[in-house]
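The listed protein sequences derive, respectively, from chains A and B.
Counting from 17, one number per residue, gives the positions in the first sequence under this note's numbering.
Counting from 17, one number per residue, gives the positions in the second sequence under this note's numbering.
Any given hint could be a false lead.
Claimed, not checked - These stretches of chain A come out as covered by chain B in the derived footprint (C-beta under 8 Å, 3 or more residues): (1) 99–110; (2) 135–144; (3) 205–217.
What the hints assert, rightly or not - Below, simulated SDA-like cross-link-like pairs (lysine to any residue); rule was C-alpha separation at most 20 Å, straight line: (4) B:K166 x A:H91; (5) A:K65 x B:K166; (6) A:K65 x B:D162; (7) B:K166 x A:F280; (8) B:K166 x A:I179; (9) A:K65 x B:T125.
These aren't lab readings, by the way, just hints derived from the structure by calculation.
Note that the coordinates shown come from a computational prediction; the quantities given were computed from them, not determined experimentally.
Even glycine gets a Cβ: it sits at the ideal position worked out from N, Cα and C.
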Amino acid sequence: MTDTASREHQRITVIAPPEGVLAIDFAELWSYRELLLLLIWRDATVRYKQSVVGIGWALIQPVMMMIIFTLVFGHFAGLPSEGVPYPVLALSALLPWNYFARSLSDSSNSLVGSSALVTKIYFPRVILPLSKVFSGLIDFAIAFVLLIAVMIWYRIAPSWRIITLPAFTAMAILVALAVGLWMTALNVRYRDVTFIVPFLVQLWMYASPVAYSTSIVPARWRWFYALNPLTGVIDGFRWALLGRTAPRLDTIAISLAIVVVIFFSGLYYFRRTERTFADII
Amino acid sequence: MTDRAITVEGLSKRYRLGQLHVNLLSEHLSNLFRGKNRTPPQEFWALQNVSFDLAEGEVLGIIGRNGAGKSTLLKILSRLTSPTRGRATVRGRLTSLLEVGTGFHPELTGRENVYLNATILGMRRREIDRKFDDIVAFSGVEGFIDTPVKRYSSGMYVRLAFAVAAHIEADILLVDEVLAVGDAEFQKRCLGKMSEVARGGRTVIFVSHNLLALRALCTRGLILDKGEVVLSGTAEEAVSAYELRNLGERGRSWNRPAEMPARDLAITEITSRLTGQQPNITLELDVTLVSSGEHKPAFIAVDVLEPGGTAILQAIPRLDGFIDAADRSHLVSVSIELPPLIPGEYLATVWVGSHNTQTLDEVREGVVFEITDSPTEGRTFPHTRDHGYVVPRSRVEKKR
Chain A
17 MTDTASREHQ RITVIAPPEG VLAIDFAELW SYRELLLLLI WRDATVRYKQ SVVGIGWALI
77 QPVMMMIIFT LVFGHFAGLP SEGVPYPVLA LSALLPWNYF ARSLSDSSNS LVGSSALVTK
137 IYFPRVILPL SKVFSGLIDF AIAFVLLIAV MIWYRIAPSW RIITLPAFTA MAILVALAVG
197 LWMTALNVRY RDVTFIVPFL VQLWMYASPV AYSTSIVPAR WRWFYALNPL TGVIDGFRWA
257 LLGRTAPRLD TIAISLAIVV VIFFSGLYYF RRTERTFADI I
Chain B
17 MTDRAITVEG LSKRYRLGQL HVNLLSEHLS NLFRGKNRTP PQEFWALQNV SFDLAEGEVL
77 GIIGRNGAGK STLLKILSRL TSPTRGRATV RGRLTSLLEV GTGFHPELTG RENVYLNATI
137 LGMRRREIDR KFDDIVAFSG VEGFIDTPVK RYSSGMYVRL AFAVAAHIEA DILLVDEVLA
197 VGDAEFQKRC LGKMSEVARG GRTVIFVSHN LLALRALCTR GLILDKGEVV LSGTAEEAVS
257 AYELRNLGER GRSWNRPAEM PARDLAITEI TSRLTGQQPN ITLELDVTLV SSGEHKPAFI
317 AVDVLEPGGT AILQAIPRLD GFIDAADRSH LVSVSIELPP LIPGEYLATV WVGSHNTQTL
377 DEVREGVVFE ITDSPTEGRT FPHTRDHGYV VPRSRVEKKR
């Protein structure tokens, strides 16, 4: 027997019918950190190994969307752009949006897509959506480099506010994970969720200030608009990067509160259905 | 050390039929709106009040027919599903090997997959680093370790996957049928590795249909039937008792039970008899079949198995489809000239299909027959299975 095995020798696992509070066992989750890292690494490797364009894909998509938004919303529709060039306005929102959209669709398929794993080996299932939400950050980083290039092109210098960007990025991760947990668990039970998610993402984009600026939303509807947690995230991104209009604190607060509610309810639902995943999938 | 590695107390698992289905959200919602009252779900107990304990270093073999609850038990102990009642206490690191190569990705290289697979099986990076060379050497794919596994032959793939499994560090291993992989040569090495593991003081729970392997590897045995433990004892006791049970439930003939689902071509009756004397015994089977649907012309195959369920031989008297759907009802007589078999009971499986991959119906281990005499005239000392089931005709000549 090896050192590690004997060190963990006293570890006692009790297998019993589920009962009581279904809190996440963080100590256990921590002991599976290597698996989480490896799954993220696998996603990244496979993604960039498979396609010749590889990293190029992570660039082409935001570039195309930026161009289309600029043409359609900036030029044809003539929407206001808060005094920054429309491409920058669009790209600063596309960054968190694309990250969210991809993480959401990847994570909602994460369990069903890994059924071979889920039916054969135990690990905290939450690792699967978690790994998708983190591997999405790689594309995010690539798109970020693109944004820097575009900002340099338009000679826009970020201000001190950029130090708040990590906080808004963390919020974007949390939104993706929160909604992802719901969709992942629902997808195991109801297989048509696979078809609902792309539709949901599409609707959600128009309900978020991605292609336009929040300023076109009438003031009396702002609170309602803030119920969409991505509003807070995207407004935050624009402010941190371009710093024209400060996001309203109540918008951020409402968005945050909504995220927390979705996150914990999603976690609860996920944990509650988790133990039947291997039976159903 | 007499520490208990695993203690299982009154473990039960109930499944609700219909609950296991993948549903559509849209269906669920429309049912909700229509106020359709749902019929109470049917239940069945896949496992009932199973208790046993296993001391450190013991190797337990679990035997049982399909549907006896073996996989449910493994699933619960692997924490893939939770029990409805009872509890199990596991002391130490438990790794379950329900298949080999879990998580292998075709795009990744052999090296990358070794790390991925071993991590999924619960190994730490340091442990993998240390064992990596052994794993690769055992698998015999050294030259291709940096090639994506999608370029591997299926044999190489399985060998690499098994090599990882064989080097897993765990206090307790749950193993399900992974021995049934690879070519004969590799299977032998796997079996060798397994007995090495079993003798190495590791606690192992082993589920297999291969009674010979169970007998060779295990110290303890457990028979499951319909979710309940029917016997718990030494491996030898369990294997013998299982064989007896297996034979006791069968007769010389077989009739299709009413609850068996209908098929396009169904075997409805099998009768068997033996004719001739050792060593020239013929097994004659009359098989009645009914075509109730359309099917391609079918042919018949018969397997003869030893009591543990391992096939000894297969007879396919005709390779072309001769059972036509148009005829509706059929009576087929098969006669098989048996090789000189040692005395004992044997089972026969009857299969019909239109192609080797197209099974129309199969009656597994449907009839039993017994050979009473030795195939060698004048032999007075008994035959044992340890030397195989067939005593071929042989000659010897003393040259000097």
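Hints, one by one, checked against the model:
1. 99–110: violated (count 0)
2. 135–144: With 5 residues closer than 8 Å to chain B, the region 135–144 of chain A meets the three-residue bar; holds.
3. 205–217: Contact hint for the region 205–217 of chain A vs chain B: holds, 6 residues under 8 Å.
4. B:K166 x A:H91: It is violated: about 49 Å lies between the C-alpha atoms, which goes past 20 Å.
5. A:K65 x B:K166: Distance ~13 Å between A:K65 and B:K166 Cα, so the pair holds.
6. A:K65 x B:D162: holds, 14 Å
7. B:K166 x A:F280: Measuring from Cα to Cα gives roughly 40 Å; hence the hint is violated.
8. B:K166 x A:I179: violated, 45 Å
9. A:K65 x B:T125: Distance of about 11 Å is within 20 Å: holds.
Checked against the numbered hints listed earlier, the structure breaks hints 1, 4, 7 and 8; every other hint is satisfied.
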